[in-house]
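K.L.:
In the order they appear, the protein sequences are chains A and B. 201 is the number that this note's numbering gives to position 201 of the first sequence; each next residue is one higher, with no gaps. Residues are numbered in this note's numbering as their position in the second sequence, beginning at 1, plus a constant of 205.
Worth flagging that the hints you see were computed from the coordinates, not collected in a lab. There is no bait here: all hints are sound.
Distance ranges between label pairs, derived from CB positions:
1) B:Leu268 with A:Lys20: 26 to 36 Å
2) A:Arg36 with B:Ser342: 29 to 39 Å
3) A:Gly42 with B:Asp310: 32 to 42 Å
4) B:Thr261 with A:Ala33: 37 to 47 Å
5) A:Leu46 with B:Leu283: 43 to 53 Å
6) B:Gln234 with A:Ala39: 45 to 55 Å
7) B:Lys326 with A:Ser15: 27 to 37 Å
8) B:Ser342 with A:Ala33: 23 to 33 Å
Glycine included, C-beta positions come from ideal geometry on N, C-alpha and C.
Number of protein chains: 2
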Amino acid sequence: MSMRISELSAASGVSLPTLKFYLREGILQSGDAVARNQATYGERHLRRLRLVRALTEVGNLSLKEVKAVLDAADDPSLPIHELLGTVQYALEPSTPADIDAGAVDTVDAAIDALGWRVSDKAPARRSIAHAVEVLRSFGWTVEPADLVRYAKAVDRLAAREVAISDDTADREQLVGRMVVGSVVFEAILTAFRRLAQEHHSATRG
Amino acid sequence: MSMRISELSAASGVSLPTLKFYLREGILQSGDAVARNQATYGERHLRRLRLVRALTEVGNLSLKEVKAVLDAADDPSLPIHELLGTVQYALEPSTPADIDAGAVDTVDAAIDALGWRVSDKAPARRSIAHAVEVLRSFGWTVEPADLVRYAKAVDRLAAREVAISDDTADREQLVGRMVVGSVVFEAILTAFRRLAQEHHSATRG
Numbered sequence: 001m002s003m004r005i006s007e008l009s010a011a012s013g014v015s016l017p018t019l020k021f022y023l024r025e026g027i028l029q030s031g032d033a034v035a036r037n038q039a040t041y042g043e044r045h046l047r048r049l050r051l052v053r054a055l056t057e058v059g060n061l062s063l064k065e066v067k068a069v070l071d072a073a074d075d076p077s078l079p080i081h082e083l084l085g086t087v088q089y090a091l092e093p094s095t096p097a098d099i100d101a102g103a104v105d106t107v108d109a110a111i112d113a114l115g116w117r118v119s120d121k122a123p124a125r126r127s128i129a130h131a132v133e134v135l136r137s138f139g140w141t142v143e144p145a146d147l148v149r150y151a152k153a154v155d156r157l158a159a160r161e162v163a164i165s166d167d168t169a170d171r172e173q174l175v176g177r178m179v180v181g182s183v184v185f186e187a188i189l190t191a192f193r194r195l196a197q198e199h200h201s202a203t204r205g
Numbered sequence: 206m207s208m209r210i211s212e213l214s215a216a217s218g219v220s221l222p223t224l225k226f227y228l229r230e231g232i233l234q235s236g237d238a239v240a241r242n243q244a245t246y247g248e249r250h251l252r253r254l255r256l257v258r259a260l261t262e263v264g265n266l267s268l269k270e271v272k273a274v275l276d277a278a279d280d281p282s283l284p285i286h287e288l289l290g291t292v293q294y295a296l297e298p299s300t301p302a303d304i305d306a307g308a309v310d311t312v313d314a315a316i317d318a319l320g321w322r323v324s325d326k327a328p329a330r331r332s333i334a335h336a337v338e339v340l341r342s343f344g345w346t347v348e349p350a351d352l353v354r355y356a357k358a359v360d361r362l363a364a365r366e367v368a369i370s371d372d373t374a375d376r377e378q379l380v381g382r383m384v385v386g387s388v389v390f391e392a393i394l395t396a397f398r399r400l401a402q403e404h405h406s407a408t409r410g
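Isolated chain A (complex conformation):
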C-alpha cells in the first residue's frame, strides 16, 4: 500500500492540517520521499495514527504525553521488558517538588506491607503521596491500610495485563498493545469505578 498524504488523510480520518502538524512534531513518521516535496505513506503510518487516536481519545493524553510515549516506543535500544516502565513513567502526571514527608512515609509503609518490588524512584509513589497530602488537607484520614486496599483491588488485574503482553512476539505489535492496553484498561477501570459509585449511591436511596 502506498498513499499520498491526501489519501492517508482519507484512509485514517485525520485531517490534512493535523497530519502536517503530526509530521512537524515527529508524532507521525516521515513518508518515503518519491520526489521533491512529495512522499508516500503506508500501513505503518495508518497504524501509528490509530495508536495516536487511541491515546488521545481514550487515554485523554495530551500531544506532549503522546510524543513521550512514542519516543519510548520508537527507541530500539530500549529492551522490551523496560518499555512498559518507560511508557508508564512518561504517562505519570507531574507532582510538586515538595511533598509532605509524612505522606511519603505513609506510601512507603503501604508498599512495604504489600511486599511489592518497585523502584524507589517510581513516579507513581510520588503521585500517591501527593494525593494523600491533598486528602489530609481536606480532612480525610488516610492510613497505610487504606492505601493497601486500593493496591489489592488492582493487583490481579495488573498481573493479567503484564502476562498478556508476553504472548506477543513482534516488537511493533507488542508496543502497540502495551501502550494501548496500559492506557485503555485504565480508562475502563476508572469508568467502572464511576458506575459503581452511581450504583451504590442509587441503592442507598
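Fit chain B to the known structure of chain A by using the hints.
P.N.:
Here is chain B on its own, set in the frame of chain A:
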C-alpha cells in the same frame, strides 16, 4: 479574615494574574466590594483555591473541567445525592458520536451480569464501549466477563467512598470532600495499578 487580592495571592500561593483569570472565568467567586475597584476575600476563597489546586494538580483536570465541576457544586437547586453523579458526568471524557454497536452490547451485557443500577445515559457506559472498540481494533479479545473483572475490582472501594460521604453534614464541606475524593482516589487507584504492573513485570524476570 478579610484580605485584599494581593494578600489572597500570598496566602494561597496562587499568582495575581492567575487569580484575576479565575475571577474572570467564574472559577473563583467574586470578593465583597468595599469600594470602587476594590474587593475583599476570605476563608471561602481560600478553600475554593485549595479545591481548584487539588483538581488540577492531582486530578489533572483542565480548567474547563474544573469549571464544570464547580458549577455543579455551586448549584443550590441540585440535591446532595445527585451531586456526585453530576460531578462524575462533568468529569467523563467525551467519546465519539458513533461507537460500534457490538462494543455497546458487550458493555450492556457486563452491567446486566453485575446487576448494577446505573442510568442508560451514564456517560461512563460509552467510555467503556469506546475503550472496548479500540482494544478490539488492536487485536484484543474483550468479552463481558473481562469487563466484569474490572468492575468487581472497584466495587467495594466505590461502596466505601460513597458511604464516607454520608458522614459529612455541611454541604460545602461535603461538596469539597466528594469532588476531591472522587478525583484523588481515582489518582491513587491508577497510580497503584502502575506500581502493580511494575512489580509483576519485575518478578516475571
